[in-house]
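Residue numbers (the working numbering), protein chains in the order written: chain A, 1 to 70; chain B, 71 to 889.
Keep in mind that the hints were calculated from the coordinates and are not lab data.
Among the hints, a few may not be true.
What the hints assert, rightly or not - Listed next, the in silico SDA-like pairs over lysine to any residue satisfying Cα-Cα at most 25 Å (straight line): (1) A:K59 - B:F610; (2) B:K588 - A:T6; (3) B:K461 - A:T6; (4) B:K423 - A:T6; (5) A:K59 - B:Q678.
Keep in mind it's a predicted model, so treat the numbers as computed, not measured.
Residue-level listing of the chains:
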Amino acid sequence: MAFAVTTLIFAVVGIMVSLCTRICFNQGPSANLFHLTLVLTATTCCWMMWAIVYLAQMKPLIVPILSEGE
Amino acid sequence: MGEVTHGGCCPPMDLFRSEPMQLLQLIIPIESAHRTLSYLGDLGLLQFKDLNADKSPFQRTYAAQIKRFGEMARTLRFFKEQMLKAGVSPKSSVAHVDVNIDDLQVKLREIESELIEMNANGEKLQRSYNEHLEYKLVLQKAGEFFHTAQSRALEQQREYESRQLTGESMQTPLLQDQELAGDSSKQVKLGFLAGLIPREKSMVFERILFRATRGNVFLRQATLEDPVTDPVSGEKTEKNVFVVFYAGEKAKAKILKICEAFGANRYPFAEELGKQSQMITEVSGKLLELKTTIDAGLMHRDNLLNTIGAQFERWSLLVRKEKSIHHTLNMLSLDVTKKCLVAEGWSPVFATKQVQDALQRAAVDSNSQVSAIFQVLHTRELPPTYFRTNKVTSSFQGIIDSYGVAKYQEANPTVYSIVTFPFLFAVMFGDWGHGICLLLAALYFIIREKKLSSQKLDDITDMTFGGRYVILLMSLFSIYTGFIYNEFFSLPFEIFAPSAYECRDLSCRDATTAGLIKVRDTYPFGVDPVWHGTRSELPFLNSLKMKMSIILGVAQMNLGIIMSYCNAKFFQNNVNVWFQFIPQMIFLNSLFGYLSLLIIVKWCTGSQADLYHVMIYMFLSPTDDLGENQLFVGQKTLQLVLLLLAFVAVPWMLLPKPFILKKQHEARHGVESYTPLQTTEESLQVESTHDSHGHEEFEFSEVFVHQLIHTIEFVLGAVSNTASYLRLWALSLAHSELSSVFYEKVLLTAWGYNNVIILILGLVVFIFATVGVLLVMETLSAFLHALRLHWVEYQNKFYEGDGYNFHPFSFSLLDEDEE
């Protein structure tokens, strides 16, 4: 559930940033497509990284074992 | 047009493909040629082809002019040197006055000869001034010798006289008496020479003098406190004043020779005190005179240099422009009638209008009867690659170009590299504290961009400055991945939520043996802070980062193969789509795509399955039961299907393509289905068609071997490239371990001493280690590894990179060429 919500947040942020670049740097269709590609690639990369780390901790096979010193 | 009409797979995107280029032919009347080229140079969108490649530089039409401008450039360099010596900096000119190049040449020559004469005079004066200065010193010092010697002699004489007067002393030996008497009677004429000798040579000088004259000299030396300027070399040297006394002409000749050999300057010197003081005043007067003359000369020279400095930039620009114009004119071929110049060159299609405009303006401005003829040529030659980059994208494009310039209209990896390059860097450099430091450095360069770009920087700073936007993106992504890894100078923070783990019971007895237990939802963003410093931290992070590397790698390699699809579609090469793109996709994803899937499934289900085992036995015994390693139902069937697909994909890649190419070739050759080229009588076109005929030769064995190599490379590469992405894990591990070592071993140890001095010392060491090792060296190594992953693992899937860059004839690019 939390996974879907955060993914949605990523999607929303990605779309917002795309719109912002569209509005702020409107330089013709080919430049806009270029900016869109950049934003989408960046969003995808960031989302993948987050998703990987999140999924890996969902059902951990090992648990944190505190060191003796603490 | 020789090039294939392209059907794009996607709408045009900036930077994704080279600008469409065309080969232009311009026929320019000779009277307006110069102006035309000057306008085209201002425009800077036309790359001229050298039509006289077979001629040596001296045989060309404008060789004489080039030589002339070379001479002018030399003069300007001479001025620059002189200004540099005099400390006059060239000012950017304010008033824009048109200078004729011929007038300029005359002017430059005049100024140069004036300057040279001034320099020669100045040098002469300076030399004479230095000589006089030395002379004065000699006079003073040697005068002192004589003075002291005389006063001593007087004293002695007085003493002697007094002794004689008192007379009765019986001890007075007779001998002395006689000696003294003898002395005065047979006066030997002692000569002497005075001068200056460099201090380091003085000892040797003395010894040599002594030996050469068998000890029949008397040398007195006095050190000068301040170094004096040597008149000959013009350098400041430490010197000694010497006076050497000798007897006889022979000795004098010897001494003179020795002086010469040692570079000792001699000066005439009079014995009488009166004459000495007279000479001193004379020399001082002369010195004063010389000084004023020199000052006046210098002032005059400074004025001249200042006037040069005010104009220098403009002159130098003009000369460079003229030189480049004539250099380009030399590349044009002279028409048979000798009335026109024929130019050929590449230009982006979008610039057609601008080029035509420039031609028109040039014709009007030079009152030419006919304007230049503009014509688009059709050729099969590969056009240059031209991407319109800006200051942000150019550094990324530079990274790709240093691997290889994209073939004309090939898909440009830069589009995705702008994001993926800093991202992969950040995966290895995940620490938001370090990221912020990097961000500050990048911002410093970006804010002072205007100032820094105008001044000359040393190599390393220049490189960093050039890549400032790359560093900016790298630092932003590092901050992001730092939050994901939850590391701030290796310290975790509970920013987004409390940790998901708690002790099993209130006493927390088994926290160090059995470990904590997950009681809440998964930590929402990044790595749970509780892992930091636990005994199971490394096993957990290793497993996570290793799997992450593989998933990211498979994703990027898939992107690379998809780019190859874009290329195939763009060049309408269906063979590549069906027999390269599809089997490659299948092969990669049936092995490593499947591995990624398994990883994700394992995470989602929390299964205990051993993925190594699954992958290995997928090949060794695919029909065996998976047993406890089964992650989902139907896994065995899926594995069999994938394995089969992978095995089919290999011959699919290898075999059909060469045969199809052969068939295509035969079909083309049999029916002779060449679309006739548009016929123009240009010899070059005939040549280029000949060229392309040459390319049509089809060697089946060669094509087959090529395909074989390609296939083997891909199949082996799929494995080795995936393994290569594990460097993401290794470097990120190294980074976090190093930073935690610095934090714990340096900062915390220093803190433990409870001593301010040790704490400060520890802090200093920590800062230096962080900056030197983590921020500089680790940045460099992560940069290089990200570079490798892009150049090799990503680009070998689609990038040919055998094109050449578009180098337009442009005045704005002149500076770089010149220096």
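Against the structure, the hints:
no.	hint	in the structure
1	A:K59 - B:F610	holds (12 Å)
2	B:K588 - A:T6	holds (20 Å)
3	B:K461 - A:T6	violated (34 Å)
4	B:K423 - A:T6	violated (51 Å)
5	A:K59 - B:Q678	holds (11 Å)
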